[in-house]
Each structure stands twice: as structure tokens, then as C-alpha cells.
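Q: These are the residues of each chain, in order.
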Amino acid sequence: MARNAHAYALSANDLLTGEQVFWSHQGRWCLSFEDALFSTEPQNLTPLGNAEEAANRVVGAALIPVDENRRPVELRDQRRLQGVSVAVRTTASEAASRPSAATLAQAA
Amino acid sequence: MYAYDQYDQAFVEQRAAEFREQIERRLSGALSEDEFKPLRLQNGLYLQLHAYMLRVAIPYGALNARQLRVLGDLADRYDKGYGHFTTRQNIQYNWTKLSDVADMIDALASVQMHAIQTSGNCIRNVTTDAYAGVAGDEWLDPRPSAELLRQWSSLHPEFAFLPRKFKIAVLGAAQDRAAMKFHDIGLWAKLDADGQPQYDIWVGGGQGRTPRVARLFQEAVPLADLLPTLDAMLRVYNLAGRRDNKYKARIKILIDEMGIEPYRLAVVEELARVDRDAFATAVGEYQRIAAQFETAQRPALQGQKVPEGSPEFRAWLQQNGLTHKVNGYAAVSVSLKTKGAIPGDASGAQMRAVADLAERYSAGEIRVSHRQNLVLPWVKLNDLETLYHALLEQDLAEANVGLVSDIIACPGLDYCALATARSIPVAQALSLRLRERERRQGPIEASLNISGCINACGHHHAANIGILGLNRSESETYQISLGGRADEGAKVGDILGPGFSQDQVPDVVETLLDTWQSLREDGEDFSQTYDRVGKQPFKEAVYV
Amino acid sequence: MSDLSVNETSSLLGWRLDASGALSQPPAPTLDLLLEPDAAEDLGLDNLLHLSAIGLVFKTPHDGRSFSLARRLRNAGFQGQLIGLGRLMPDQARHSVQSGLDALWLEDDLVQRHGIRAWQNALNVVVGSLYNQQRLSAEVAPRLAAPDIWRRRHNKAA
Ligand code: HEM
Ligand code: SF4
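So the protein lines, in turn, are chains A, B and C. Everything in the first sequence is counted per my numbering, starting at 1 for the first residue and increasing by one. Everything in the second sequence is counted per my numbering, starting at 1 for the first residue and increasing by one. Everything in the third sequence is counted per my numbering, starting at 1 for the first residue and increasing by one.
No lab work stands behind these hints, which were simulated from the structure alone. Predicted model, so just to flag it, every value in this text is computed and none were measured. Ideal Cβ positions, reconstructed from N, Cα and C, are used throughout, including at glycine. Check each hint, because a few of them may be wrong.
Said to hold, decoys possible - The following label-pair restraints were derived from C-beta to C-beta distances:
1) A:H25 to B:L392: 51 to 57 Å
2) A:Q43 to B:S473: 25 to 31 Å
3) B:Q196 to C:A76: 28 to 34 Å
4) B:A541 to A:S39: 47 to 53 Å
5) A:H25 to B:K535: 51 to 57 Å
6) B:A417 to A:R70: 20 to 26 Å
Said to hold, decoys possible - According to the in silico footprint, chain B covers these stretches of chain A (three or more CB under 8 Å from chain B):
7) 15-25
8) 64-76
Here chain A stands alone, though its shape is the one from the complex (with noise of 0.2 Å):
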């Protein structure tokens, strides 16, 4: 277990999509760290995760170990959930200003 984990949150990559989810208080992956449920006893938690990878919902569940604060410990964690240090160029949902399919095919 981390050091100065103060509880643990659980993460993973959404199969169909590959995005960063987060196990909610729903009792469900959502796409919101805020949202996230947060537990003391990481020992219900990783079951959890297994079994949502079992039933081929979710990839690479991990825990994310916080603070009081409920801030990731871990460099990696704080990073992934920063996302990327650059502004990324067009967001998927301006799919517009996006070649169609068949520009596609036009150009093959």
C-alpha cells in the first residue's frame, strides 16, 4: 500500500473507448475524478476492479492512492488525472470541422 495513503479511489481504461473512468458512488464508472468514490479499505475495492475487468467492461483497473485532501499521491496518478501538458489541437467532439468518410475514401 502507498505511503500516506489516506484512502484509495479505483481507476481504469474503459474497454470500448480507452478513456480514464472512475468507480462513482453510484456504483458505477464515471468519467469524473470528482465523482470518484473514495474508500479507506482498498481490500473492497481491488475485487471490484477485478471482476469489472472479468466481465469485460473496463482494462488495467488500478487503485489510486490520496491524501486527506484527496489528491493522488503519486506522480503518475496526479499527471494522468492533469491530463495532457499541451493544449490538444481539436477536441474529438468537433467532429465538423472533420473529413467525412467519404472524403476518406476519396482520398484512398
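Fit chains B and C with the ligands to the known structure of chain A by using the hints.
A: Below, chains B and C with the ligands without anything else, positioned relative to chain A:
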């Protein structure tokens, strides 16, 4: 260039269909992640921190305009508008969805491309000199050899589950522009007395946590023996390589532990059993491939002259141009390292723009270099200035190829699940600082490479100044090494001392450059000065 | 060296995937030897060449040594049957045949977990013809007569 025939086309289409079916079985749960992982990796699909990443092969770094356009469109349609060109002639898309990958692979197949064996414990995409076929110092075009190896290794049934990844590079020139000696197998192609290809085979190079410069395995192997020899070399490795510890599983460790002589003997014994008849078609196939590359070569041109142009144009050509094998042409690099840029990243729009320029000014051809830049290999001398201005408009005319601001960097902790620190912000800060220094001082010829962990994807071991990002007590620390090089005099750098914070890195690098410049004797490059004076003066300057 | 005898193997409920792609439930194969990759070096190749059926063990789906053992045996002129056993995936059936195996012998739970369909399909949705194919099993070769791509390009018989 090489163009697919019906067999090549059917091959990539069948592979695309197979991968689509594998993804479906994964989504249905029939394949567990443990089983799917080697299968997806063998088709270039990783899971990173924020999404899946798809690595697409650019075999021997060669692209035509149509292909580059599709790479740009894939970036816009399935990623967030950009892609990352890597040091091994691949492009990576960092934001892919598992549900989109099969469609991406189909789009690639439609332009004779694929993601076969861009990852996984198999024979990876075979790389070479980005200036193959056009470099003035070339003895033999390495691309036909690389294409032969691509075909031989693609979906090789026996070597798909090796102890670890296996990287091969081929060279055909005096100068090593492909880091050949940092590959599991490096082939240095030459011509024999009758003008036929033969190969010096180097083995056991690699980076990662145990960097090794390759050792000479055998000289002057004739073309007809090349594949049987590689076949025997890989079989011995597959059977004897360690599988108990993935950090000791590369062939370099087998050779460390076994010794090069015993390894050679084991290969000789294996080779005696190899069914030579199975390889009987290889030489004919090589000739068929080589003929395609030969017809694509262009005849010398008369009446071509480099335009006078502006001082900026002349500086750009001086820095980014390479003497061409064929009269009347120049090969020019398109730097993906503009001031403050992320090394190797290009937007979809930039890829399409370069594709257009290649069509207009470079016989429709583009290359990807191991320093993460693009190359336009066939520019007529008369067109150089017009091309320069067109590149300028796309922010792609930075005159820094081969300079210290031409930084190699891996994705690091911004994307990579294995990273211990970020490399991108460090590369950006250094780029700003060093480009400024170059503006003041003129060209600074040294190499600077950054990796976000000990796996060394950013080639930090092989740089004059190498930077390795580490995690020390949950904060990012950057360890510096000096004196490495990736060319024919390949050498692993020496660690300077304790690491630095991200903020300190630009000052430290400038101090190292100051020290080199003050100690440097006439005409010395960084390595020469370093080899002469050693680590001490640099240490003293940095750790005052 | 592991010498699990035929009787022990035959007590298992199992499936056979043939090089032709056919999946069936015949009695377990009769094997002269179960060859674990770790034991292969010590056994000596010459001691194996006279056997009529060897089981090649795959310990994990990541361990490809038995493909190389099959190739080494075929190269050395082994004429008998090579049967793959252990933790294989349907996706490795192609690799097996192309490395010189005759068939896979699969335990029932492995077949069920991937699904019978996946195993029946194992040799359909794959790249059936390589650029360069080395020697196949003597029994398989005539049935899978498609020569490799290089031979077809250069009009040479297999
Ligand atoms: C998700 C991204 C990546 C992952 C997970 C990854 C993984 C690895 C690992 C584990 C190694 C060490 C292998 C060993 O020592 O056995 C390695 C080496 C290497 N990778 Fe990557 N890599 C990634 C991205 C890249 C990128 C972006 C590049 C090019 C810029 C690259 C090029 C290389 C090179 C050149 C080496 C060193 C050569 C060698 O293998 O010895 N990789 N990679
Ligand atoms: S060096 Fe490390 S951080 Fe960088 S890409 Fe490779 S594995 Fe990731």
C-alpha cells in the same frame, strides 16, 4: 517506390479482416485482455494513460503523397487532429477508440499501408536511412532489402511470440543515419566484387535499461544466405532467450550471457539444418523489388541551379539540404521541430500540406527520418526557393535539422503508461531556449534526446546530451548523460551525476553547451571534445 | 523430460483442430512424447527423429518456443505427427500449421471459453498464404497445396 501487387493487397486486407474479427471477439468477451494483448500489440494497438494508441508502420520510412494524405485524414477523423512520427519510422495516433481501429486499418489498407508488427514480441517494422536511394554516400539502396525483410517477417508464424521485441535496421551508405548499431540486428549492405548485395550483420544492439551497441556477427553474407542466416539467428534466440524476466529478454542479454562466439556456433549448427530450398525464391524476389525502386529513380537533369534567394533561404538549404546522388536534385528535410514544438508531432493539415508539396516538388515522395522529421527526396534545384516559401507558410521551414534544437523526444508521461516523467514540456522549453541560442550563435551541431523513462524510446543513451526523466519521491527529476552517439561510431552516453528539476534543465543544458564551446578545438564535434576531455569539466561546470 | 503416457492423455475430454481447419472430438491422440520446451535442449534432436507422434506443449499464449521446436524438427527431417497442446488461442492455429504442426489437441474448457465458433473459424479468417512458407508437415503439405506468395510470383512449384 514499391507498389503493391494483388498478393500484397490481399495480404493486408486479410490481415485487416482478421484484426476486425479479433476486436469483435474481445468486445464480446471471448478473448480476455491477457489473450487479446499480444494480438492487439502485433497490430500496433497499445493502451496508454488516456486512450488507446495506434502505431502505423511506414516501412523503411517511405510514403507517397496519397498515403500521407490519408495519414493526415486519420489524424483529423479518428484522433484529435495530429499524429506523432516516431524514431522507428512509424506514426502514432494517441486518441483512438477500440471501436474505430478496424476502420482505420481498412483506410490504411486502401493505400497499401498497415500496422502489422509495429509492436509486440515479434519482428518489428524494418527501418532504414531516410535518405535511401538519394544520399550521395550510398553504395547500395537499402530499401529493396528492407522490403524483402518486410515481406519475409510479416506474419511470420514462428517468430510472433519471441521472448521480446525484435528490431532490424538496414543501411547501405557510409554514414549511419538509422541508428543501426542500436538494433537487435543491424544489416550494413554493401556490394561484392560482382556488384551483388552482401551484408555485414551486427547483432545485440538496443537501448532500454541495458543499452548495448551491436556486435559484429558476420561480414559479407551474400544475399542468397541472408534470410537463412536471419532465420537461424532468430530460432536460436526464440529458443534460448530468457522468458523469466522481461528486462532480460532481449537478444542483447542472451549475447551478454551466452557470449558472441557460443551464440555464433549455435547459429551455425541451426543453419546447417535450415531448409535452403524454402528460401530459393528470395534472390529473385529481391531482384523484382529492386527493379521497382530502380525505375522510380530519376535521371540526372541538366540546367538546374540553386536559386540565389534570401539569406534565410540559403541558411535553410545549408542546414536542411543533403547532397543528392543524382545531378540536378536536392533532398531536403522538413523539420518537425519548430521553436517550441512537440518533436515529431504534425497536424492533419500539415500532413496534407506536405503531401501537396511532395506532389508538386518531390515526385510525390516523402520520407520519415529517425530524427522524427520528414524528407522531400526529389526536389529540383530550380524549385528549391519556391518550396522554401511554401514550407514557410505552413510553419515547416525551421532551419535546424541536425542541430541541438532538432530534439528527439518520446511522448513521456503526457501519454505513455510506462513513463516516469514527462518529456514533452521539457522538449518544448529546450526548443525555445536552444532555438534562441542558435539565433544568436548560428548552427550548433550536437544531438539532444529525451526519454520519459528508462525504456529509452527517446534515444537518450545515444545522444551527445541525453535527458532521462525519472520519478524521485513522486517528483519529476531529469538525469543527464553525455557523449552518446547513434551514428557509425555508436556509443552509449555516460551519466553526468544527480538529476535536476524540470525548471533547471534548460540552464543546465546551456551550461553544458557553454563548456563544450569553450573547450572545443577547431572542427571538433561534441563527441570528439567529450572523448578528449572526459566528463570532469562538464561536471564541474554544472555542479558548482 | 515429461513422458505423460497416452492413457493419461486419453482420459481428457478434448477436441482436435486439424490443419484443414476441421474441429472434431475423436479419441485423444497417441503420443510417443510430450515435449516441454524447457526439456527440449537436453533431449537432443537425434533422439526424437524416429518417433511417430510428438506433443508440443504451449505453456502460455505468449510463449512461442514450441513453434520453433516444430520448425527445427521439420527442418531436421522429422516425418511424424506434431500435435500442439496446452494454452493456445484460436489465433495461433495459423502459426501452428505454418510452423509445421499437424493438429492441435485442445481441452474442452479451453474450447468452450473461446467458443466452438472461434475454433471452427480459426483457420478461416486468417492470412492463409505467407510470402515465404517453410516445410509443412508431410501429411498437411499435399492438402494445403497453395504455394507461398514468392513461389506464385515466380511461378515455382512448392
Ligand atoms: C505508448 C508508447 C510506448 C511504449 C509503451 C513503448 C515501450 C517501449 C519499451 C518497453 C521499450 C524498452 C524495450 C526493452 O528494453 O526491451 C521501448 C524501447 C524503444 N522504443 Fe518505445 N514505447 C512507446 C513509444 C515509443 C515512441 C513514441 C518511440 C519513438 C519516438 C519509440 C521507440 C522506441 C525505441 C527507439 C526504443 C529503444 C530501442 C530498443 O528497443 O532497444 N517508442 N519502448
Ligand atoms: S521512453 Fe518510456 S515514457 Fe518514453 S515512450 Fe518509451 S516507455 Fe514511454
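Q: If a hint holds in the structure, say so; if it doesn't, say that too.
A: Against the structure, the hints come out as follows:
A beta carbon spacing of about 54 Å between H25 of chain A and L392 of chain B agrees with the range 51 to 57 Å that was offered as a hint. Taking the beta carbon of each, Q43 of chain A and S473 of chain B are about 27 Å apart, inside 25 to 31 Å as hinted. Separated by about 31 Å at the C-beta atoms, Q196 of chain B and A76 of chain C satisfy the suggested range of 28 to 34 Å. At about 51 Å, the CB distance of A541 of chain B to S39 of chain A agrees with the hint of 47 to 53 Å.
For H25 of chain A paired with K535 of chain B, a C-beta distance near 55 Å keeps the hint of 51 to 57 Å intact. Hint check: A417 of chain B to R70 of chain A, Cβ distance near 23 Å, so the stated range 20 to 26 Å holds. Residues of the stretch 15-25 of chain A with a Cβ under 8 Å from some Cβ of chain B number 6, which satisfies the need for three, so the listed coverage holds. Coverage of the stretch 64-76 of chain A by chain B holds in this model, with 4 residues showing a Cβ closer than 8 Å to a Cβ of that chain against a need of three.
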